[in-house]
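Each protein sequence line maps, in turn, to chains V and A.
Quick note on numbering: my numbering labels position 172 of the first sequence as 172, and the sequence is numbered without any gaps.
Quick note on numbering: my numbering labels position 329 of the second sequence as 1329, and the sequence is numbered without any gaps.
In case anyone wonders, no lab produced these hints; they're calculated from the structure.
Note that the structure is predicted; figures quoted are calculated from it, not measured.
Hints may be right or wrong, so weigh each one.
Estimated spans, in silico, between C-beta atoms of each pair [unchecked claim]:
1) A:Glu-1349 / V:Asp-57: 31 to 39 angstroms
2) V:Lys-135 / A:Ile-1327: 43 to 51 angstroms
3) V:Lys-135 / A:Pro-1118: 30 to 38 angstroms
4) V:Phe-60 / A:Thr-1121: 49 to 57 angstroms
5) A:Ser-1159 / V:Asn-195: 47 to 55 angstroms
6) V:Thr-230 / A:Val-1226: 22 to 30 angstroms
7) A:Glu-1256 / V:Lys-314: 16 to 24 angstroms
8) V:Asn-195 / A:Glu-1029: 27 to 35 angstroms
9) A:Gly-1191 / V:Lys-135: 51 to 59 angstroms
10) A:Gly-1227 / V:Thr-50: 27 to 35 angstroms
Glycine included, every Cβ here is placed at the ideal spot set by N, Cα and C.
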Amino acid sequence: MAQAATAIEQDVMVTVDGTPLKVSLARSLRRNKLKALLLVLPLFLFILVTFFIPIVDMLFRSVENQIVGTVLHRTVPLLAQWDERSGELPDETLFAALAEDFKEATAAKTSGRVGRRLNYEKPGFSGLFRKTGRKVKTIEPPYREAFIKIDKKWGDLDIWRLIKRESAAFTIAYYVSAMDLSYGDSNEIIRKDENNRIYLKLFWRTLWMSLFITFMCLVLAYPISYLLSTLSVATSNLLLILVLLPFWTSLLVRTSAWIALLQQEGIINDLLVWVGVVANDDRLQMIHNRTGTIVAMIHILLPFMVLPLYSVMKTIPPSYLRAARSLGANQFTAFVRVYMPNTVSGIGAGCILVFILAIGYYITPALVGGQSGTLISNFIAHHMSISLNWGLAAALGSILLAVVLVLYFVYDKIVGIDNMKLG
Amino acid sequence: MKHPKFNLLTSATIAAAIGFGAASTAYAETELVVVSWGGAYSASQQKAYHEPYMAANPGVKIINDDSASDGLAKLRAMNEAGNVTWALVDMTASNAMLACDEGIALEIDHDTSLAPAPDGTPASKDFGDMIVSPCFIPQIVYSTTFGYRTDLAKVPPTSIADVFDLEKIPGKRSLEKKPINNMEWALLADGVSGDDVYNELSTPEGVDRAFAKLDTIKDQVVWWEVGAQPAQLLSDGEVVIASSYNGRLFSAIEEEKQPIAMMWDWQMLDLDGWVVPKGGPHHDVVMTYLTWATDTQRLADQAKFISYGPARKSSAPMVGKHAELGIDMGPHMPTDPKNAKNTLLTGFEFWADNADDLTERFQAWLSQ
């Protein structure tokens, strides 16, 4: 037995200091893995903090609705028992609770916040809460009459239905609003009045304009890249600088340059009038509309298409085309059947880059878009910094994110994401 | 073994950094970050308020931050993060109301916190109904009014109705891309009296009426979004007439000598002033500065550098000549009797309630 055991022990390979090789190897591998992990850790944390957490926060904000329940914490539980279909106003105990909540909220300066939140759902709440907050200090029972005396809106059943609907900690109201929908009289979801529908139209416009811009970039960039990759190094480097120079110029400068070129009193119109193509009093409207946005954005995004295409084309050996020609293909067939399939990875990368950048583009449409050329991102910015309706901005942003993910999935199914090459 | 060296270097750096920090706090002044609009406006505040104050109080250093255009959004974000670094924020009256509603601005007792007028009138009386919110300390009255090209307009426009009259004033016009002011002007041009504008706008029929009036010029309008745009559009001859802030038009006319003239009929008066962020730094220093910077003389001084009217009644007689151009500023003030025949003060309460809804409708109308 002892002999057999030694035999097994002798079978195990050991290092100089006697530890089995397997253990030693695993140990050193683990150390390397740890080192590698430490190396990517800063980047990982960076992405977590600047990319992942904001997106989660955005998704959370698009449904978050704690303010009503927190501030009106006495009223809301009572409101849950109130039957909104009874056609009766809530009872006196609820109004008494409301008076307490209001006194507390006015002291803590939070009543205005609830007013602002509810004002997103129905205009007038902001004023109602501000007015009530001013007068609630001296309120006395019977509270129901007293509240209605402050503002007769407190006697309106719709007001109470709305507060009840929006008193939960989470809400879909922002998504309802972002889809051009609204709530009807008995809280059923209906389409908004035609005069107030904007977002679906804007999503649709953003989508087709981004696709169009991507397509135009591809059409323009393909010959440029082909030229760059086939010319001698000296000439192609010179031409490449011409592509990169605008790429390095400030976005605002390039956009302003387009304004100077395209406006009605601008260079192109002046030229056309001078040549006699258009009449002086009938100058072309090329900016502050859709045309302006499309032209300026194609120009700004073109390098993002040229560079991946160029880097892929550069790697295609010229001998492929020569081989095709020697096997009897004419110039056209050789190009379409041999050269183009080899550039698919560059086309894929360029298209994805340009499309993703275009769908979230913001400054250029704001400056040259006028009324027909603004995109959904301009409205997200509006709700972020002007109207301060961050919930709606988050909902619009989340929908945009979902649309991009769906398109990405479709792209993966059709082209395959592995077929992408950036250089 | 290179680690000890590395450690030595790191600790030396850290020690140096700590030393620096300690040194700078040791003889540091109190730094106040004051947020304003930048450009000519911040410059006027710098010359009228900041520089004289810093000269008299070497312990205080005022740092300008030009992010007032999204001041409300940033202030809210700071408040949520619990780290408010701004000492004072310049805001329009309607934004100050929002900030007050949100609880991110401090309520001020105007009489105890601000200086009385030279004749002893308490501040709340001197500012009068300019105090539209308990958080708001008014500074200037500005107006959104019209400028037109003297060489391109067929006849000089004289009334708000002319802005909507394509036969009298043919050509493109520029309006701001938001419902505020445009809705009021549409109703005024349609014959509604100034007193009734907001009553009319509070009804659905009134809103329809305003949009119907705007419809008549819709395809001749270039919409502007940034304050610098309308003066530029006028200078380029892209539009014949444009709504703009009167200070911007003043500098296009008097400083850049453009062929532009003012049309003051039914100018929309609006207010701009300070709010003190809740939880901001150096509260006592800020309040001392604020008392000084909003007294009668200081508000009158600011009008030497920019053509906005001081918010105090007692400052008006002290407005003199422009500091550099040497021209009399009185006739360029929105509050000058010649310019103020027909004026309307923006309905802050109305817009606080209706801005969200009407902006949505306005944008939908634009895209139709």
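Okay, the hints, checked on the actual structure:
1. Checked against the hint of 31 to 39 angstroms, the C-beta distance between Glu-1349 (chain A) and Asp-57 (chain V) comes to roughly 33 angstroms, which is consistent with it.
2. As the Cβ distance of Lys-135 (chain V) to Ile-1327 (chain A) is approximately 49 angstroms, the hint placing it in 43 to 51 angstroms holds.
3. For the pair Lys-135 (chain V) and Pro-1118 (chain A), the supplied restraint of 30 to 38 angstroms holds, since their beta-carbon distance comes to about 36 angstroms.
4. For Phe-60 (chain V) and Thr-1121 (chain A), the hinted distance range of 49 to 57 angstroms is satisfied, since their beta carbons lie about 51 angstroms from each other.
5. Restraint check, Ser-1159 (chain A) to Asn-195 (chain V): a C-beta distance of roughly 29 angstroms breaks the suggested window 47 to 55 angstroms.
6. Under the hint 22 to 30 angstroms, the C-beta atoms of Thr-230 (chain V) and Val-1226 (chain A), about 45 angstroms apart, miss the expected range.
7. Here the CB-CB span from Glu-1256 (chain A) to Lys-314 (chain V) is close to 51 angstroms, at odds with the stated 16 to 24 angstroms.
8. About 55 angstroms separates the C-beta atoms of Asn-195 (chain V) and Glu-1029 (chain A), a value inconsistent with the hinted range of 27 to 35 angstroms.
9. The hinted range of 51 to 59 angstroms is not satisfied by Gly-1191 (chain A) and Lys-135 (chain V), whose Cβ atoms lie roughly 36 angstroms apart.
10. At about 32 angstroms, the CB distance of Gly-1227 (chain A) to Thr-50 (chain V) agrees with the hint of 27 to 35 angstroms.
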